[in-house]
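Engineer: Spelled out from the first residue to the last, the chains are:
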Amino acid sequence: MAEQLDEMYRDIIMEHYRFPRGHDKILNPDITKEGRNPACGDEIEIRVKMDKDKIETVSVDCAGCAISTASGSMLAEICEGKTIAEVKKIAGIVKALLKGEKFDKSYDIGDIEALQGVNKFPVRVKCALLSWTTLVDAIDAKQTGRQLTASTTEG
Amino acid sequence: MAEQLDEMYRDIIMEHYRFPRGHDKILNPDITKEGRNPACGDEIEIRVKMDKDKIETVSVDCAGCAISTASGSMLAEICEGKTIAEVKKIAGIVKALLKGEKFDKSYDIGDIEALQGVNKFPVRVKCALLSWTTLVDAIDAKQTGRQLTASTTEG
Amino acid sequence: MKVIDQNKSHLKSENSLLSVDNIRKDFPILDRMINGHKLVYLDNAATTQKPQTVIDAITSYYAGFNANVHRGLHTLAEEATSAMEKTRDKTAAFIGGVKREEIVFTRNATESINLVVSSWGKKNIKQGDRIVITQMEHHANLVPWIMLAKETGAELEYIPIDQNGYLNLSNINNIITPKTKIVALTHMSNVLGTINPVAEIISLAHKNNALVLIDGAQSVPHMPVDVKTLDADFYVFSAHKMLGPTGVGVLYAREEILNEMEPVIFGGEMINEVRFDFADWAELPMKFEAGTPNIADLVAFAPALDYLNKIGMDKIRQHEIEITTYGLEELRKLDFIKIFGPDNVLDRGGVISFVDDKIHSHDLSQYLDSKGVAVRAGHHCAQPLVKLLGVTSTSRASFYIYNTNDEVDQLVEALKAARRYFVNG
Amino acid sequence: MKVIDQNKSHLKSENSLLSVDNIRKDFPILDRMINGHKLVYLDNAATTQKPQTVIDAITSYYAGFNANVHRGLHTLAEEATSAMEKTRDKTAAFIGGVKREEIVFTRNATESINLVVSSWGKKNIKQGDRIVITQMEHHANLVPWIMLAKETGAELEYIPIDQNGYLNLSNINNIITPKTKIVALTHMSNVLGTINPVAEIISLAHKNNALVLIDGAQSVPHMPVDVKTLDADFYVFSAHKMLGPTGVGVLYAREEILNEMEPVIFGGEMINEVRFDFADWAELPMKFEAGTPNIADLVAFAPALDYLNKIGMDKIRQHEIEITTYGLEELRKLDFIKIFGPDNVLDRGGVISFVDDKIHSHDLSQYLDSKGVAVRAGHHCAQPLVKLLGVTSTSRASFYIYNTNDEVDQLVEALKAARRYFVNG
Ligand SMILES: Cc1ncc(COP(=O)(O)O)c(C=O)c1O
Ligand SMILES: Cc1ncc(COP(=O)(O)O)c(C=O)c1O
Numbered sequence: 020m021a022e023q024l025d026e027m028y029r030d031i032i033m034e035h036y037r038f039p040r041g042h043d044k045i046l047n048p049d050i051t052k053e054g055r056n057p058a059c060g061d062e063i064e065i066r067v068k069m070d071k072d073k074i075e076t077v078s079v080d081c082a083g084c085a086i087s088t089a090s091g092s093m094l095a096e097i098c099e100g101k102t103i104a105e106v107k108k109i110a111g112i113v114k115a116l117l118k119g120e121k122f123d124k125s126y127d128i129g130d131i132e133a134l135q136g137v138n139k140f141p142v143r144v145k146c147a148l149l150s151w152t153t154l155v156d157a158i159d160a161k162q163t164g165r166q167l168t169a170s171t172t173e174g
Numbered sequence: 020m021a022e023q024l025d026e027m028y029r030d031i032i033m034e035h036y037r038f039p040r041g042h043d044k045i046l047n048p049d050i051t052k053e054g055r056n057p058a059c060g061d062e063i064e065i066r067v068k069m070d071k072d073k074i075e076t077v078s079v080d081c082a083g084c085a086i087s088t089a090s091g092s093m094l095a096e097i098c099e100g101k102t103i104a105e106v107k108k109i110a111g112i113v114k115a116l117l118k119g120e121k122f123d124k125s126y127d128i129g130d131i132e133a134l135q136g137v138n139k140f141p142v143r144v145k146c147a148l149l150s151w152t153t154l155v156d157a158i159d160a161k162q163t164g165r166q167l168t169a170s171t172t173e174g
Numbered sequence: 004m005k006v007i008d009q010n011k012s013h014l015k016s017e018n019s020l021l022s023v024d025n026i027r028k029d030f031p032i033l034d035r036m037i038n039g040h041k042l043v044y045l046d047n048a049a050t051t052q053k054p055q056t057v058i059d060a061i062t063s064y065y066a067g068f069n070a071n072v073h074r075g076l077h078t079l080a081e082e083a084t085s086a087m088e089k090t091r092d093k094t095a096a097f098i099g100g101v102k103r104e105e106i107v108f109t110r111n112a113t114e115s116i117n118l119v120v121s122s123w124g125k126k127n128i129k130q131g132d133r134i135v136i137t138q139m140e141h142h143a144n145l146v147p148w149i150m151l152a153k154e155t156g157a158e159l160e161y162i163p164i165d166q167n168g169y170l171n172l173s174n175i176n177n178i179i180t181p182k183t184k185i186v187a188l189t190h191m192s193n194v195l196g197t198i199n200p201v202a203e204i205i206s207l208a209h210k211n212n213a214l215v216l217i218d219g220a221q222s223v224p225h226m227p228v229d230v231k232t233l234d235a236d237f238y239v240f241s242a243h244k245m246l247g248p249t250g251v252g253v254l255y256a257r258e259e260i261l262n263e264m265e266p267v268i269f270g271g272e273m274i275n276e277v278r279f280d281f282a283d284w285a286e287l288p289m290k291f292e293a294g295t296p297n298i299a300d301l302v303a304f305a306p307a308l309d310y311l312n313k314i315g316m317d318k319i320r321q322h323e324i325e326i327t328t329y330g331l332e333e334l335r336k337l338d339f340i341k342i343f344g345p346d347n348v349l350d351r352g353g354v355i356s357f358v359d360d361k362i363h364s365h366d367l368s369q370y371l372d373s374k375g376v377a378v379r380a381g382h383h384c385a386q387p388l389v390k391l392l393g394v395t396s397t398s399r400a401s402f403y404i405y406n407t408n409d410e411v412d413q414l415v416e417a418l419k420a421a422r423r424y425f426v427n428g
Numbered sequence: 004m005k006v007i008d009q010n011k012s013h014l015k016s017e018n019s020l021l022s023v024d025n026i027r028k029d030f031p032i033l034d035r036m037i038n039g040h041k042l043v044y045l046d047n048a049a050t051t052q053k054p055q056t057v058i059d060a061i062t063s064y065y066a067g068f069n070a071n072v073h074r075g076l077h078t079l080a081e082e083a084t085s086a087m088e089k090t091r092d093k094t095a096a097f098i099g100g101v102k103r104e105e106i107v108f109t110r111n112a113t114e115s116i117n118l119v120v121s122s123w124g125k126k127n128i129k130q131g132d133r134i135v136i137t138q139m140e141h142h143a144n145l146v147p148w149i150m151l152a153k154e155t156g157a158e159l160e161y162i163p164i165d166q167n168g169y170l171n172l173s174n175i176n177n178i179i180t181p182k183t184k185i186v187a188l189t190h191m192s193n194v195l196g197t198i199n200p201v202a203e204i205i206s207l208a209h210k211n212n213a214l215v216l217i218d219g220a221q222s223v224p225h226m227p228v229d230v231k232t233l234d235a236d237f238y239v240f241s242a243h244k245m246l247g248p249t250g251v252g253v254l255y256a257r258e259e260i261l262n263e264m265e266p267v268i269f270g271g272e273m274i275n276e277v278r279f280d281f282a283d284w285a286e287l288p289m290k291f292e293a294g295t296p297n298i299a300d301l302v303a304f305a306p307a308l309d310y311l312n313k314i315g316m317d318k319i320r321q322h323e324i325e326i327t328t329y330g331l332e333e334l335r336k337l338d339f340i341k342i343f344g345p346d347n348v349l350d351r352g353g354v355i356s357f358v359d360d361k362i363h364s365h366d367l368s369q370y371l372d373s374k375g376v377a378v379r380a381g382h383h384c385a386q387p388l389v390k391l392l393g394v395t396s397t398s399r400a401s402f403y404i405y406n407t408n409d410e411v412d413q414l415v416e417a418l419k420a421a422r423r424y425f426v427n428g
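Residue numbers (this note's numbering), protein chains in the order written: chain A, 20 to 174; chain B, 20 to 174; chain C, 4 to 428; chain D, 4 to 428.
In short, the hints are calculated from the structure, not lab data. Treat the numbers as computed from the prediction; the structure is a model and nothing was measured. Errors might be hidden in some of the hints.
[Unchecked claim] No farther apart than 27 Å at their CA atoms in a straight line, the calculated lysine-lysine pairs in the DSSO-like style are these: (1) D:K28 with B:K139; (2) C:K318 with C:K89; (3) B:K73 with B:K107; (4) B:K108 with B:K118; (5) B:K114 with D:K126; (6) C:K341 with A:K114; (7) C:K129 with D:K318; (8) C:K102 with A:K121; (9) D:K126 with C:K126; (10) D:K153 with C:K126; (11) C:K89 with A:K121; (12) A:K68 with A:K114; (13) B:K161 with B:K139; (14) C:K102 with A:K139; (15) B:K118 with D:K89; (16) B:K44 with B:K108; (17) A:K44 with A:K101; (18) D:K93 with D:K126; (19) D:K313 with D:K93; (20) B:K114 with B:K73; (21) A:K44 with A:K139; (22) C:K129 with D:K126; (23) B:K139 with C:K41.
Isolated chain A (complex conformation):
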């Protein structure tokens, strides 16, 4: 598993973990949402600045492990300038990739591909999912005008 470990903690992931993108909190966000993973104790805050139906920037404030930090960093990177539809599509791909299910390989997901190694470690899948679940919940809530409560990867 030393190799499996390196499979999970790939260079790309370690690089995102050490130098996470979107780390600085957006000051006037259109959406703010907290996410929690009580099983791990991980907590994040996602802030989104919209530009019409596009995401202008995302900040991810994360007190979590390397995997959740790296995943949040990738999220911030890839979502910039994407439409809501595109972001949801990517979130779906991330989920499929992490759970070892099939997904549309033609879609360019950039660094995110490196998260694939996580699916060898079922307990860690939730870490990688937290920021994505939180972002999608935030967008849905914004669209439907629902009350924002903290998202969680449990349940």
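Given the coordinates of chain A, assemble chains B, C and D with the ligands onto it according to the supplied hints.
Structural biologist: Below, chains B, C and D with the ligands without anything else, positioned relative to chain A:
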């Protein structure tokens, strides 16, 4: 255990089982008491005719196994003419004998000794005890004037 | 004597469909000698014996990957978790392909029923509601309902049985009515062997908006069961009665129902988040599985399911029909033996309860044991039913995949010998 | 490096009091290779490994005398019953010689606590009463009380912990008051290792006429415990944390209390008499043990107790003091590691929770696993406590009789390597 079986179903026991003493119900009893062993489904009715503080006769009406029938028959046989104190002493000996505990071997218990083989079969001890528990409960209740409910070898 | 022997060899060849001889080799305990005789184990309704693969699975677990499950980040913990959860998948598949979230593991069928009563029952049953069970229930599916009825003030109604050991459904429309909230009944009686028409009763109950709990402790081990086709709301059984280890019970319930149910045991594994004044629950099915599970035995239940699947539940049912046919035939030849339950072997499982007209069942069973034949005696945890049968207890021979007609013969011989010992001795 | 090595050999010779080398031979799993390294199992607070005698007991049971227990009249049933009941005697003796009737078997410590809460608690706790627990409880001894307080309207009061991981008893007379009906606390914390002054708290509680439940899940496996001397009213623990099989928990309670308690699970084994509208209960302890017990594992718990007795609980405690001393010493040398819990090793068990100031505990544990070192990471089923410590999770190394100072060294080396991998990589 074929030998252990013969140890339990000794000739004396089989003889008491086939021809139980005290089988005919006493018509004008001083004490009547039912006993039950719900785990086995066994039920008995004990009737006692007193002569001052002595037991004149006991009848034991028993729908049970060979062991409980034989034990009841021995009870009817030995208790006749005994004082209450003596009967309680014998009941104590029967209990000790069945549970493999120490007891006063100098006391003459006649056929009852044959019940000793039952202690190899813990599940059957209750069968052998039922009539004795019921009789002692009946006497105690009579002496204290308590309400008579059915005795049981459980609890 | 000659007639019996012919019978035997005739039926043996049919039995060989199931290659009982090969099956027996997988069960180490069947070599056990009891009082100088080879064990004839006919107490399978109480618990079955275990194949070597089940025993080996426990050994391999403890010698290879024992660890506490869930949230563990080390290799052993992941292996243990994945093995235990694989059993959940296999269990879900075994009863007709339900969702894994619909399988809750308990200690035994008794706990499964009590979980339904304590959680679903206390929430949904009110004074004036009706609970329907049958007169042939095991205490596990009887006492919890008696207590619930007492506590809530609900009515407890019984579907009666008839002379032949069938449910008497002639009055069923007055028993299962719109007042009825739950119908709980056994799929197969552990005393009479009767296989109940559960699909029919479920459909009638559903028409009255009542839910149905099926006690499958005696059915799942012995015949194909598809809880989806039956449309059961709750279905319970025990691993130890189907080649699996002791300490594992199953509760199947439809996901919507489980989602509405509150847990009854609180602690680790079953929570999502806990603060000093607050707790909420983990997702299904963990919500109902507090504390460290019986991991080793859950892991070892999988090879039991594999074993049954390999043989095929259809074939197992067929084998039991055959051996029960033979058993009934042979026992009927003994005029001092009275047999309970349906005459038609297609309506019954491999369970034969009987009494000797002169020998108390306890004496009888003890005697049979001296000949190596293990049967159960007593009320079989169904006191009210046994009382209805007009006896205080019965002896019960119950069969499984490794039993042979030869063993039936040994039972019959021992019954005859018991007569000589107790009656004509 | 040289200094450490000297330390090691010095402490090793002391360890040999317990002849750890011989002990290790009894545990087959310790030969397991994990990711190319020999397993270093430091997750004993979650569950311990099992000696061959325990594994063999399960095998012998299934291969030799598997049968359902109680009321069985055949040889196998008697052997199974007597083996299972022998475990009850041994358990009663193990915790200070209580009566066998006072030992109730459950699935795990969690179920034991829940049984007390559901039965004793619901009957005796009323609105306005006070329930006292501590801030260092495992969810098993926390969530049931939160729920009971909610349901009954009772107050839930916490004994706080101080900076060093001790209970802060300065205000205890305002916490345990005549309003208090029950005090429930852990004998030893599974996160901090703290051994609590339970005798003192029990005595104070009794002065206020409150009963006391002690969660002994982490104490009974690791030190001599005499519940009579402590004067505990309820005492619970799990077999799987003390060399025994999974699926066996223990509830000790004083006989008078058990007699007053109603059962919470109804079915076979636990009844005396059942009619269609009536049921009453069997004698203690069966009253609380409905359905087929986890027989095999109950039988196999006996050799676990024998094993612990053979070594001696005093010696086990001594061994853990030594290895924990060494572990604390070595971990303190790592300036990036923060350790939680009491400094004085005499006040703590063999549990060391820690965090790396840069590496999340999940990453750390995963990395340690890649070096064969199994520790647990997370909230250890004590979310509120971990939050109080100001972290979101910790890593936890916990020791048992087979652990060596060498293994501590391997942990330390792996922690250093993790720094290189995650921080300076
Ligand atoms: C019909 C029926 N229901 C329930 C049970 C209870 O099973 P367990 O003791 O495994 O809980 C049994 C087993 O005796 C049974 O035969
Ligand atoms: C202090 C404490 N209490 C209770 C428990 C619960 O034990 P189980 O999961 O065996 O019920 C544990 C085990 O994690 C524990 O450490």
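Engineer: Does each hint fit the structure? Answer for all of them.
Structural biologist: Right, here's what the structure says about each hint:
1. The straight-line distance between the Cα atoms of D:K28 and B:K139 is roughly 39 Å, outside the 27 Å bound, and the hint therefore fails.
2. Straight-line distance between C-alpha atoms of C:K318 and C:K89 comes to about 25 Å, which keeps the hinted pair within the 27 Å bound.
3. Taking the CA atoms of B:K73 and B:K107, the gap is near 12 Å; set against the 27 Å cutoff, the hint holds.
4. Only pairs whose Cα atoms come within 27 Å are accepted, and B:K108 paired with B:K118 is accepted, the gap being roughly 16 Å.
5. Using a Cα cut-off of 27 Å, the hinted pair B:K114 and D:K126 is violated, with the two alpha carbons roughly 36 Å apart.
6. Taken as a hint, the C:K341 and A:K114 pair is broken in the structure, with Cα atoms around 64 Å apart against an allowance of 27 Å.
7. Under the criterion of a C-alpha separation no larger than 27 Å, the hint pairing C:K129 with D:K318 is inconsistent with the structure, at around 57 Å.
8. Using a Cα cut-off of 27 Å, the hinted pair C:K102 and A:K121 holds, with the two alpha carbons roughly 20 Å apart.
9. Restraint check for D:K126 and C:K126: satisfied, since their Cα atoms lie roughly 19 Å apart, inside the 27 Å limit.
10. Distance restraint check for D:K153 and C:K126: the Cα-Cα separation of roughly 16 Å lies within the 27 Å cut-off, and the hinted pair is therefore satisfied.
11. Among the hinted pairs, C:K89 with A:K121 is consistent with the structure: their alpha-carbon atoms are about 21 Å apart, no more than 27 Å.
12. For the hint pairing A:K68 with A:K114, the CA-to-CA distance comes to about 24 Å; that is within 27 Å, so the pair holds.
13. The suggested pairing of B:K161 with B:K139 is violated, with an alpha-carbon distance near 34 Å, which exceeds 27 Å.
14. As the CA atoms of C:K102 and A:K139 are separated by approximately 23 Å, the hinted pair is consistent with the 27 Å bound.
15. In summary, the hint linking B:K118 to D:K89 is supported, as the alpha carbons are separated by about 16 Å, within the 27 Å threshold.
16. Using a Cα cut-off of 27 Å, the hinted pair B:K44 and B:K108 holds, with the two alpha carbons roughly 25 Å apart.
17. At roughly 19 Å between alpha-carbon atoms, A:K44 and A:K101 fall within 27 Å of each other, so this suggested pair holds.
18. Between D:K93 and D:K126 the alpha-carbon distance is near 31 Å, which puts this suggested pair outside the 27 Å criterion.
19. For the hint pairing D:K313 with D:K93, the CA-to-CA distance comes to about 13 Å; that is within 27 Å, so the pair holds.
20. Distance check on the hinted pair: B:K114 and B:K73 sit about 22 Å apart at the alpha-carbon level, within 27 Å; holds.
21. For a cut-off of 27 Å, the pair hint linking A:K44 to A:K139 is broken: about 32 Å separates their Cα positions.
22. Distance hint between C:K129 and D:K126 is fulfilled; the C-alpha atoms sit about 21 Å from each other, no more than 27 Å.
23. Taken as a hint, the B:K139 and C:K41 pair is honoured in the structure, with Cα atoms around 21 Å apart against an allowance of 27 Å.
Checked against the numbered hints given earlier, this structure breaks hints 1, 5, 6, 7, 13, 18, 21; the rest are met.
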